[in-house]
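Number of protein chains: 2
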Amino acid sequence: MTPLDRVAIIGVGLIGGSFALGLRAAGACRRVVGVGRDPVNMRTALERGIIDEVAASPQEAARGADLVLVATPVAQFPVVLGALAPMLEPKTLITDGGSTKRDVVTAARAALGAKSAQFVPAHPIAGAEKSGASAAKSDLLQNRRVVLTPLPENSAEALERVADCWRACGAQVSRMSPEEHDALLAAVSHLPHVLAYALVDEIASRPEAETFFAHAAGGFRDFTRIASSHPEMWRDICVANRDLLVDEIDRYSARLAKFRALVAAGEGARLEQIFAAARDSRDAWLAGQPLPARKNRE
Amino acid sequence: MTPLDRVAIIGVGLIGGSFALGLRAAGACRRVVGVGRDPVNMRTALERGIIDEVAASPQEAARGADLVLVATPVAQFPVVLGALAPMLEPKTLITDGGSTKRDVVTAARAALGAKSAQFVPAHPIAGAEKSGASAAKSDLLQNRRVVLTPLPENSAEALERVADCWRACGAQVSRMSPEEHDALLAAVSHLPHVLAYALVDEIASRPEAETFFAHAAGGFRDFTRIASSHPEMWRDICVANRDLLVDEIDRYSARLAKFRALVAAGEGARLEQIFAAARDSRDAWLAGQPLPARKNRE
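Listed in order, the protein sequences are those of chains A and S. Under this note's numbering, think of the first position of the first sequence as 1, with each following residue one higher. Under this note's numbering, think of the first position of the second sequence as 1, with each following residue one higher.
Isolated chain A (complex conformation):
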């Protein structure tokens, strides 16, 4: 791709910072301007060479930019996009790093109006429990999936230009509707985060919490890794995707109730069968192989 002259990053955290570093590493941009709420984080972004310059506002960052990445928690999108709308130049494309897409599309339409064709929604599926510019790295998006949820008004050219930027960072770009995206991610990302937060919260709320944690080992550590994720970001995701997330919590709770009944009844043979099928499915997924056939997909 032709290198971009000027890229604006609004929210220079894990995703925003890694996107900037990825573009730079690929020689895909000349100048990166960043803006963010936390001066300490912005200084880190400058010191680490993620950005060349700190702007005072989203508008200042976006002025003259070929591409703007909005990578704040999703609840800030209406304000950020509202600030950009009046000054958005025709040459500027916007993409984003939001983990939910229906709310982002709604916010973009409302804020940008006739300019919404310049906004190409994206979700880089590459989170981590670390956040901020200090956690950003140039290869975070390498071989990671980036889902675009295009608007009908996006031109083919705008879509390709935005896709090329994500590909320059090493990502594999795919497309789907915002609804399909939010349903998939509710199940494989938002639900597990809620489950992990709930476990840590439950254990930490006990009077003898210290003793419980003292006997937790590697399994607990990995299971709860995502409970060290960014609280504000996950607040916004839970609120934005709450209808689909509640559906997933309900499905999961029903499944857990089945497990409870099997455990209570000491149904060892059935438990072993389920555990083995779960292990086989997970191992096939990790190996990049088709999932094993299930006799009783229910």
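Hint data in this document are derived by calculation from the structure and do not stem from the laboratory. There could be a bad hint or two in this list.
[As the list claims (entries may be wrong)] Once the Cα atoms are required to be at most 25 angstroms apart in a straight line, the calculated DMTMM-like pairs of lysine to aspartate or glutamate come out as:
1) A:Lys258 - S:Asp247
2) A:Lys137 - S:Asp247
3) S:Lys130 - A:Asp280
[Unchecked claim] Reference excerpt, derived from the structure (chain A facing chain S, CB under 7 angstroms, subset only):
4) Ala183
5) Leu184
6) Val188
7) Ser228
8) Trp234
9) Ile274
10) Trp285
[Claimed, not checked] Here chain S is said to cover these stretches of chain A; the calculated rule only asks that three of the stretch's residues, wherever they fall, bring their Cβ under 8 angstroms from a Cβ of chain S:
11) 142-150
12) 195-203
Just so you know, even glycine gets a beta-carbon here, dropped at the ideal spot from N, CA and C.
Starting from the known structure of chain A, fit chain S onto it as the hints suggest.
For chain S alone, kept in the frame of chain A given last:
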């Protein structure tokens, strides 16, 4: 400690194999005899130098041994200990690697009768999702906690000798009652395993399971790592500890229902507060620091 002349390992898997390798690395034993159900696994154990010899039965392995480690899934303990009881020499101590302790103590009392003082129950808290002799390693127990749940009839000398063997493998040995052990582990180990198995089972049971897995990332991978654990071992744990595990599932389900209500109501501020508290607790635990004070421990 004085090196042991002969150690018998019954079940040469991750724990049994790592215990043998740890003792060897510390120069704490001269000869290791192993026994197990799977000939392929036993050949691996021989080839990797975990054991010197394969015995045809637990009795043959235990003959003349100073120490026997029983490291099979816990449901096999009644049969294994029953086989050892008649031929158990006065000089031989037995310890185990079982993840539950009330059932193990009951099985030991029933099988060993007057010889139960020779059995010192132990749980090395050092699992992994890999199993078998191929996964064993000499440093698996390094700095890991091993909980002894002594029987009143254990002599101080027997306790110290068994503790010394675990310490020779690098473990930190502590003591508690079988009841306390099983309650702690139900919360921080058995429950998370059930939760992870339930999530994978739920997703894998959907007709569009491939698409869901295709959009899962690192968070899902780590959250479900323990769902790749040994199905038979976890079957036995769930059945052996079912009363306490059901209590934990109920506590967790109640907490999850609270989370569901907060998500459904879009209670962002409260969710962020809970997520931040969970993250702070987890991070403090990982850093080996005291848990932060909670305003409303409930």
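The hints, checked one at a time:
no.	hint	result
1	A:Lys258 - S:Asp247	holds, 15 angstroms
2	A:Lys137 - S:Asp247	violated, 43 angstroms
3	S:Lys130 - A:Asp280	holds, 13 angstroms
4	Ala183	violated, 9 angstroms
5	Leu184	holds, 5 angstroms
6	Val188	holds, 4 angstroms
7	Ser228	holds, 5 angstroms
8	Trp234	holds, 5 angstroms
9	Ile274	holds, 6 angstroms
10	Trp285	holds, 4 angstroms
11	142-150	holds (count 3)
12	195-203	holds (count 9)
Violated hints for the displayed structure, listed by number in ascending order: 2 and 4.
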